[in-house]
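All chains should be modelled from the sequences, with the hints used to inform the complete structure.
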Amino acid sequence: MATSQKDNKTIVIKVGSNVLTRPDGKLDVTRMSSLVDQIAWMRQNGYEVILVSSGSVASGRSLLRVSKSLGSVEQRQLYSAVGQAKLISLYYDLFREHKIHVGQILTMKESFATRREYLNQRSCMEIMLQNGVLPIVNENDTISVTELMFTDNDELSGLIASMMQASTLIILSNVDGIYSNTEKGPNKVIPVVANGEDISQHIRQGKSAFGRGGMITKCAIASQIADEGIEVIIANGKKDDILINLIKHPDKTIHTSFQPNPEKVSSVKKWIAHSSSFAKGAVTINEKAVMALRGKEATSLLLVGVVSIEGSFEEGDIINIIDEEGNTIALGRSSYSAEEARRCIGKHNVKPFVHYNYMYMEN
Numbered sequence: 001m002a003t004s005q006k007d008n009k010t011i012v013i014k015v016g017s018n019v020l021t022r023p024d025g026k027l028d029v030t031r032m033s034s035l036v037d038q039i040a041w042m043r044q045n046g047y048e049v050i051l052v053s054s055g056s057v058a059s060g061r062s063l064l065r066v067s068k069s070l071g072s073v074e075q076r077q078l079y080s081a082v083g084q085a086k087l088i089s090l091y092y093d094l095f096r097e098h099k100i101h102v103g104q105i106l107t108m109k110e111s112f113a114t115r116r117e118y119l120n121q122r123s124c125m126e127i128m129l130q131n132g133v134l135p136i137v138n139e140n141d142t143i144s145v146t147e148l149m150f151t152d153n154d155e156l157s158g159l160i161a162s163m164m165q166a167s168t169l170i171i172l173s174n175v176d177g178i179y180s181n182t183e184k185g186p187n188k189v190i191p192v193v194a195n196g197e198d199i200s201q202h203i204r205q206g207k208s209a210f211g212r213g214g215m216i217t218k219c220a221i222a223s224q225i226a227d228e229g230i231e232v233i234i235a236n237g238k239k240d241d242i243l244i245n246l247i248k249h250p251d252k253t254i255h256t257s258f259q260p261n262p263e264k265v266s267s268v269k270k271w272i273a274h275s276s277s278f279a280k281g282a283v284t285i286n287e288k289a290v291m292a293l294r295g296k297e298a299t300s301l302l303l304v305g306v307v308s309i310e311g312s313f314e315e316g317d318i319i320n321i322i323d324e325e326g327n328t329i330a331l332g333r334s335s336y337s338a339e340e341a342r343r344c345i346g347k348h349n350v351k352p353f354v355h356y357n358y359m360y361m362e363n
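Counting from 1, position 13 in the sequence shown corresponds to residue 13 in the numbering used here; the numbering is continuous, with no gaps.
Among the hints, erroneous ones may be present.
Said to hold, decoys possible - With a Cα cut of at most 27 Å, we get these calculated DSSO-like pairs of lysine-lysine: (1) K239 with K188; (2) K347 with K296; (3) K248 with K99; (4) K238 with K99; (5) K351 with K269; (6) K248 with K238; (7) K9 with K239; (8) K351 with K280; (9) K238 with K9; (10) K269 with K280; (11) K239 with K26; (12) K269 with K9; (13) K238 with K188; (14) K347 with K288; (15) K264 with K296; (16) K252 with K86; (17) K347 with K9; (18) K9 with K248; (19) K9 with K99; (20) K99 with K188; (21) K288 with K351; (22) K269 with K252; (23) K86 with K99; (24) K188 with K248; (25) K347 with K280; (26) K86 with K26; (27) K188 with K252; (28) K269 with K288.
Stated by the list, open to error - What follows is a list of derived Cβ distance ranges for each label pair: (29) E315 with I254: 34 to 42 Å; (30) N174 with E287: 40 to 48 Å; (31) Q201 with N357: 22 to 30 Å.
Please keep in mind that the hints were generated in silico from the structure rather than gathered at the bench. Yeah, the Cβ is synthetic: ideal placement off N, Cα and C, and Gly gets one too.
And the structure:
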């Protein structure tokens, strides 16, 4: 694993449903026990671990035999409500053998919508880690049934890694990593993806049998999180001692590593980077303003470069910043309400519309 953050030993581990379940859909307790043993080893060697675990819906589905037909939302609510109880109970018993206390955190995408809620969740996990409690995070599937659901726990784990300023995010799936898509010879796992490298030609469609995600989602999240300065590893969670081997023998362990951006990204900008779903409006800017924002030096967005404003937002809300062709080039926190900004479009000598400290540039 990369050592770009030598003093940072916080690692977020995401375990997918296909790692935790057997072919029949039931929880694989043997695999769970092995992963718990490895996480216990990591803690003994000085690592702070946050576990993002799927499996509640699959667990509930294996327990219940429903007598009547249920809609997809009803199934998700029912199975996750029952399955999450079993899942956390198993984790509790397995970690207790290592004398490790665990704490359950069920969250929703809406809980990251405001800076205050974002910081509240970060504070909660920080106090758990400070007191030796291992956070186990999952989406609250019983009530997260709207369009604002996380794409899957890959997205959630990326947001947690960013929020906690982890050094590494490890995504455990049922494959060895990202495979090269070649016409000649067998496909091989791509060991390293350079920061900013486009590997879309290697990604195949398809989703997990017991989850919502797929490799497209994993790669998109991995690229974004790596761009925020966090190494992202995709590896096979069904292989014995995979976590230990990634730490002790990374060069001999098959996986794909997305290399982190060496430039640091502030905590505020990391929050903004994940807030596109909560944007309350959009502003269109002219070509001169686009060139200024994409220049080498950090630049605030000034109202003199704004062409039009859409939506109804207040000061402090997140807005999309787009060019005249409709491409999103940045996200930022507005220093004006929409009404105030409209009155000041084109004006000089007024405060910046979006200060560069509160702006995240898209690639």
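Hint by hint, here is what the structure shows:
A hinted pair counts as satisfied when its Cα atoms are at most 27 Å apart, and K239 with K188 qualifies at roughly 17 Å. A threshold of 27 Å between alpha carbons decides the hint, and for K347 with K296 the separation of about 24 Å falls inside it, so the pair holds. Our distance criterion of 27 Å between C-alpha atoms is met by K248 and K99, whose separation comes to about 24 Å. Among the hinted pairs, K238 with K99 is consistent with the structure: their alpha-carbon atoms are about 24 Å apart, no more than 27 Å.
Note on K351 and K269: the hinted pairing holds, with a Cα-Cα distance of about 20 Å set against a maximum of 27 Å. With a CA separation close to 18 Å, the supplied pair K248 and K238 stays within the 27 Å bound. With a CA separation close to 23 Å, the supplied pair K9 and K239 stays within the 27 Å bound. Between K351 and K280, the direct Cα distance comes to roughly 20 Å. Compliance with the 27 Å bound is thereby established for this hinted pair.
Between the alpha carbons of K238 and K9 the distance comes to roughly 24 Å, so the proposed pair stays at or under 27 Å and holds. A distance of roughly 17 Å separates the Cα atoms of K269 and K280; the hinted pair therefore holds under the 27 Å criterion. The hinted pair formed by K239 and K26 meets the criterion: a straight-line CA distance of about 19 Å does not exceed 27 Å. With a CA separation close to 22 Å, the supplied pair K269 and K9 stays within the 27 Å bound.
A distance of roughly 18 Å separates the Cα atoms of K238 and K188; the hinted pair therefore holds under the 27 Å criterion. With a C-alpha separation of about 15 Å, the suggested pairing of K347 with K288 holds against the 27 Å cut-off. Between the alpha carbons of K264 and K296 the distance comes to roughly 15 Å, so the proposed pair stays at or under 27 Å and holds. At most 27 Å may separate the alpha-carbon atoms for a hinted pair to count; K252 and K86 exceed this at roughly 36 Å.
Annotation: proposed proximity of K347 to K9 is violated, straight-line Cα distance about 48 Å (limit 27 Å). Taking the CA atoms of K9 and K248, the gap is near 14 Å; set against the 27 Å cutoff, the hint holds. Of the pairs offered as hints, the one joining K9 and K99 holds, with about 21 Å between alpha carbons and a cut-off of 27 Å not exceeded. For the hint linking K99 to K188, the alpha-carbon distance of about 40 Å lies beyond 27 Å, and the restraint is violated.
Taken as a hint, the K288 and K351 pair is honoured in the structure, with Cα atoms around 18 Å apart against an allowance of 27 Å. Under the criterion of a C-alpha separation no larger than 27 Å, the hint pairing K269 with K252 is inconsistent with the structure, at around 35 Å. Between K86 and K99 the alpha-carbon distance is near 20 Å, which keeps this suggested pair within the 27 Å criterion. For the hint pairing K188 with K248, the CA-to-CA distance comes to about 22 Å; that is within 27 Å, so the pair holds.
Restraint check for K347 and K280: satisfied, since their Cα atoms lie roughly 23 Å apart, inside the 27 Å limit. Only pairs whose Cα atoms come within 27 Å are accepted, and K86 paired with K26 is accepted, the gap being roughly 11 Å. Our distance criterion of 27 Å between C-alpha atoms is met by K188 and K252, whose separation comes to about 15 Å. Of the pairs offered as hints, the one joining K269 and K288 holds, with about 23 Å between alpha carbons and a cut-off of 27 Å not exceeded.
A C-beta distance of roughly 50 Å is found between E315 and I254, which places it outside the suggested range of 34 to 42 Å. Checking the proposed 40 to 48 Å range against N174 and E287 shows it holds: the Cβ atoms sit about 47 Å from each other. For Q201 and N357, the Cβ-Cβ distance of about 36 Å falls outside the hinted range of 22 to 30 Å, so the restraint is violated.
In this structure, the earlier hints numbered 16, 17, 20, 22, 29 and 31 are contradicted, and the remaining ones agree with it.
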